[in-house]
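Participant: Line order of the protein sequences matches chains A and B. If you use UniProt numbering, the first sequence corresponds to residues 1 to 289, in order. If you use UniProt numbering, the second sequence corresponds to residues 1 to 163, in order.
In short, the hints are calculated from the structure, not lab data. All values reported here derive from a predicted model rather than from experimental measurement. A few of these clues could be false.
As the list claims (entries may be wrong) - With a straight-line cut-off of 35 Å between C-alpha atoms, the simulated DSBU-like cross-links for lysine-lysine are:
| no. | chain 1 | residue 1 | chain 2 | residue 2 |
| --- | --- | --- | --- | --- |
| 1 | A | Lys12 | B | Lys13 |
| 2 | A | Lys5 | B | Lys75 |
| 3 | B | Lys125 | A | Lys88 |
| 4 | B | Lys150 | A | Lys88 |
| 5 | B | Lys128 | B | Lys157 |
| 6 | B | Lys146 | A | Lys88 |
| 7 | A | Lys2 | B | Lys13 |
| 8 | A | Lys176 | B | Lys125 |
| 9 | A | Lys288 | B | Lys125 |
| 10 | A | Lys71 | A | Lys238 |
| 11 | A | Lys2 | B | Lys150 |
| 12 | B | Lys118 | A | Lys2 |
| 13 | A | Lys88 | B | Lys157 |
| 14 | B | Lys118 | A | Lys288 |
| 15 | A | Lys88 | B | Lys13 |
| 16 | B | Lys118 | A | Lys12 |
| 17 | A | Lys288 | B | Lys146 |
| 18 | B | Lys128 | A | Lys71 |
| 19 | B | Lys118 | A | Lys88 |
| 20 | B | Lys125 | A | Lys12 |
| 21 | B | Lys75 | A | Lys71 |
| 22 | A | Lys238 | B | Lys125 |
| 23 | B | Lys13 | A | Lys5 |
| 24 | A | Lys176 | B | Lys118 |
What the hints assert, rightly or not - Simulated coverage check for chain B against chain A, where a stretch passes if three residues somewhere in it have a Cβ under 8 Å from a Cβ of chain A:
| no. | region |
| --- | --- |
| 25 | 14-26 |
| 26 | 108-120 |
| 27 | 126-140 |
| 28 | 149-163 |
Quick reminder that beta carbons are idealized off the backbone N, C-alpha and C, glycines included.
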Amino acid sequence: MKPAKFDYYRPKDVSEALSLLESSGFDGKIIAGGQSLVPIMNMRLATPECLIDINGLHDLNFIDSDDHTLKIGTMTRQSTVETSELVKKKCGLVTEAVAHIGHLQTRNRGTIGGSIVHADPSAELPLVLMALNGTLHISSEEETRSVNAEDFFLTFLTTDMMPNEMLTEIHLPIWKGRVGSSFQEVARRHGDFALVAAACQLELDAHDRISDIRLALGGVEAIPLLIEDAKELLAGEKVTDQAVQKIAELVAKSVEPESDLHASAAYRTQLAKVLTTRVLYQAYERAKG
Amino acid sequence: MSLTEVNVTINGKSYSEWVEPRMLLSDFIRESCGLTGTHVGCEHGVCGACTVSLDGSAVRSCLIFAVQADNREIKTVEGLASSGEMTTLQKNFVECHGLQCGFCTAGILMSITDFLEKNPQPSVKEIKETLSGHLCRCTGYDGIVKAVEKTVQDNNKEVLQRS
Numbered sequence: 001m002k003p004a005k006f007d008y009y010r011p012k013d014v015s016e017a018l019s020l021l022e023s024s025g026f027d028g029k030i031i032a033g034g035q036s037l038v039p040i041m042n043m044r045l046a047t048p049e050c051l052i053d054i055n056g057l058h059d060l061n062f063i064d065s066d067d068h069t070l071k072i073g074t075m076t077r078q079s080t081v082e083t084s085e086l087v088k089k090k091c092g093l094v095t096e097a098v099a100h101i102g103h104l105q106t107r108n109r110g111t112i113g114g115s116i117v118h119a120d121p122s123a124e125l126p127l128v129l130m131a132l133n134g135t136l137h138i139s140s141e142e143e144t145r146s147v148n149a150e151d152f153f154l155t156f157l158t159t160d161m162m163p164n165e166m167l168t169e170i171h172l173p174i175w176k177g178r179v180g181s182s183f184q185e186v187a188r189r190h191g192d193f194a195l196v197a198a199a200c201q202l203e204l205d206a207h208d209r210i211s212d213i214r215l216a217l218g219g220v221e222a223i224p225l226l227i228e229d230a231k232e233l234l235a236g237e238k239v240t241d242q243a244v245q246k247i248a249e250l251v252a253k254s255v256e257p258e259s260d261l262h263a264s265a266a267y268r269t270q271l272a273k274v275l276t277t278r279v280l281y282q283a284y285e286r287a288k289g
Numbered sequence: 001m002s003l004t005e006v007n008v009t010i011n012g013k014s015y016s017e018w019v020e021p022r023m024l025l026s027d028f029i030r031e032s033c034g035l036t037g038t039h040v041g042c043e044h045g046v047c048g049a050c051t052v053s054l055d056g057s058a059v060r061s062c063l064i065f066a067v068q069a070d071n072r073e074i075k076t077v078e079g080l081a082s083s084g085e086m087t088t089l090q091k092n093f094v095e096c097h098g099l100q101c102g103f104c105t106a107g108i109l110m111s112i113t114d115f116l117e118k119n120p121q122p123s124v125k126e127i128k129e130t131l132s133g134h135l136c137r138c139t140g141y142d143g144i145v146k147a148v149e150k151t152v153q154d155n156n157k158e159v160l161q162r163s
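When you get a sec, could you build the whole thing from the sequences and use the hints?
Facilitator: See below:
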């Protein structure tokens, strides 16, 4: 199928992109990798009148870090992040998750920012962002602001961003000490959107007891679901079969997934439970080293 | 918006055409440039038939607009063989019965060419994961996996002979 007509602009820098976005109002749309946008344009589910192509904005293609934060520019290709040694060393959960996004050919083109702003509830990067409570840097002509992932995702395909705003970079906190993480998903075919996905990062004290933990699930609600009680239930505990069982039961009670063509609500609930168990054990083993 | 000029190099040859911004790169390659080896299947990035190499990386040409390829280098399935000689991968597709109807073949060849350049020693699992980005409705995957595995072995032998 073919997209509807649109005007095409190729800004040379961020300020030109923001000015085009401002003047086009609700009719304008930024295109980065286009791996989510172009399919919906081809099916005419989206018919933006004006496309602002930011592929030429090389300033937004970077991976950088200081002691506390890993910084990734919005235009960085998913395949670049997947193979980055810096990302692997500072935030292995991202490396692990990116390998599940689409396929080699879509990761070569798809960007970090594009996947996040598309905000599909079963996509990998929004889930990781929620699991680590990353920070999003968003610019418009008037201001630059930052929003935590916990406040960024609103509902299906909807974020806290306004039509005149653009995501410029994401910041992820770097955990130090005895840290382990794990990302697992079940999809109908490798590379498809997850039926359910789970991400976990935890930190252990010297006695193998959990000192900090973040656990989140994708594909079960309209936005990635953070299991906030995980910390309360597991802080100061070792990852034992009993502790894991307790969390799995909690997850089964707290998720309210919907049934669709691919999986029933009951199956998704079961997957949420099983994947929670798997990521907890795996993150724990990795943290122990 | 009116027509926009697009200048690209495809398989080493320059093409210059005026197109609508909404023209997909897959249509540009087939219709404006007459290179019909690149196939168009689903047009929403699922089937992989339209895969081409853009500046050395395999991408779906149905998910890129032709205007976005301005001043870039493209390689299509027609550009794999040189001087009439097929690549090792192409020969192994023939030898291992890696194709049935052949519709998906062009895209698979482009993906695997990029894949093996970046990962010359893949596991069978990695080969299968990469092929999961392509739909073969003849379900000829077995022969395709064998063709890729044999190419890895042949490339290894070649490296050994050279050293």
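Participant: Next step is simple, just say for each hint if it's right about the structure.
Facilitator: Each hint, compared with the structure:
Simply put, Lys12 (chain A) and Lys13 (chain B) have alpha-carbon atoms about 28 Å apart, close enough for the 35 Å limit, and the pair holds. Straight-line distance between C-alpha atoms of Lys5 (chain A) and Lys75 (chain B) comes to about 27 Å, which keeps the hinted pair within the 35 Å bound. The straight-line distance between the Cα atoms of Lys125 (chain B) and Lys88 (chain A) is roughly 21 Å, inside the 35 Å bound, and the hint therefore holds. As the CA atoms of Lys150 (chain B) and Lys88 (chain A) are separated by approximately 31 Å, the hinted pair is consistent with the 35 Å bound.
Distance restraint check for Lys128 (chain B) and Lys157 (chain B): the Cα-Cα separation of roughly 22 Å lies within the 35 Å cut-off, and the hinted pair is therefore satisfied. Restraint check for Lys146 (chain B) and Lys88 (chain A): the C-alpha separation of about 32 Å stays at or below 35 Å, so the hint holds. Restraint check for Lys2 (chain A) and Lys13 (chain B): the C-alpha separation of about 27 Å stays at or below 35 Å, so the hint holds. At roughly 33 Å between alpha-carbon atoms, Lys176 (chain A) and Lys125 (chain B) fall within 35 Å of each other, so this suggested pair holds.
Straight-line distance between C-alpha atoms of Lys288 (chain A) and Lys125 (chain B) comes to about 28 Å, which keeps the hinted pair within the 35 Å bound. Of the pairs offered as hints, the one joining Lys71 (chain A) and Lys238 (chain A) holds, with about 32 Å between alpha carbons and a cut-off of 35 Å not exceeded. Taking the CA atoms of Lys2 (chain A) and Lys150 (chain B), the gap is about 38 Å. The hint is violated against a cut of 35 Å. Pair hint Lys118 (chain B) plus Lys2 (chain A) holds up; C-alpha atoms about 33 Å apart against a cutoff of 35 Å.
Taking the CA atoms of Lys88 (chain A) and Lys157 (chain B), the gap is near 32 Å; set against the 35 Å cutoff, the hint holds. Of the pairs offered as hints, the one joining Lys118 (chain B) and Lys288 (chain A) holds, with about 33 Å between alpha carbons and a cut-off of 35 Å not exceeded. Between the alpha carbons of Lys88 (chain A) and Lys13 (chain B) the distance comes to roughly 39 Å, so the proposed pair goes past 35 Å and is violated. Distance check on the hinted pair: Lys118 (chain B) and Lys12 (chain A) sit about 31 Å apart at the alpha-carbon level, within 35 Å; holds.
Taken as a hint, the Lys288 (chain A) and Lys146 (chain B) pair is broken in the structure, with Cα atoms around 40 Å apart against an allowance of 35 Å. Annotation: proposed proximity of Lys128 (chain B) to Lys71 (chain A) holds, straight-line Cα distance about 32 Å (limit 35 Å). A distance of roughly 18 Å separates the Cα atoms of Lys118 (chain B) and Lys88 (chain A); the hinted pair therefore holds under the 35 Å criterion. Under the criterion of a C-alpha separation no larger than 35 Å, the hint pairing Lys125 (chain B) with Lys12 (chain A) is inconsistent with the structure, at around 41 Å.
Of the pairs offered as hints, the one joining Lys75 (chain B) and Lys71 (chain A) holds, with about 33 Å between alpha carbons and a cut-off of 35 Å not exceeded. A distance of roughly 34 Å separates the Cα atoms of Lys238 (chain A) and Lys125 (chain B); the hinted pair therefore holds under the 35 Å criterion. At most 35 Å may separate the alpha-carbon atoms for a hinted pair to count; Lys13 (chain B) and Lys5 (chain A) meet this at roughly 29 Å. For the hint pairing Lys176 (chain A) with Lys118 (chain B), the CA-to-CA distance comes to about 32 Å; that is within 35 Å, so the pair holds.
Taking a C-beta to C-beta cut-off of 8 Å, the region 14-26 of chain B contributes 4 residues in contact with chain A, enough for the three needed, and the coverage statement holds. With 3 residues having a Cβ less than 8 Å from any Cβ of chain A, the region 108-120 of chain B passes the three-residue criterion, so the hint holds. Counting residues of the region 126-140 of chain B whose beta-carbon sits less than 8 Å from any beta-carbon of chain A gives 5, enough to reach three: the coverage restraint holds. Counting residues of the region 149-163 of chain B whose CB lies closer than 8 Å to any CB of chain A gives 0, so the stated coverage by that chain is violated, three being the minimum.
Taken one by one, the earlier hints fail for this structure at numbers 11, 15, 17, 20 and 28, listed in ascending order.
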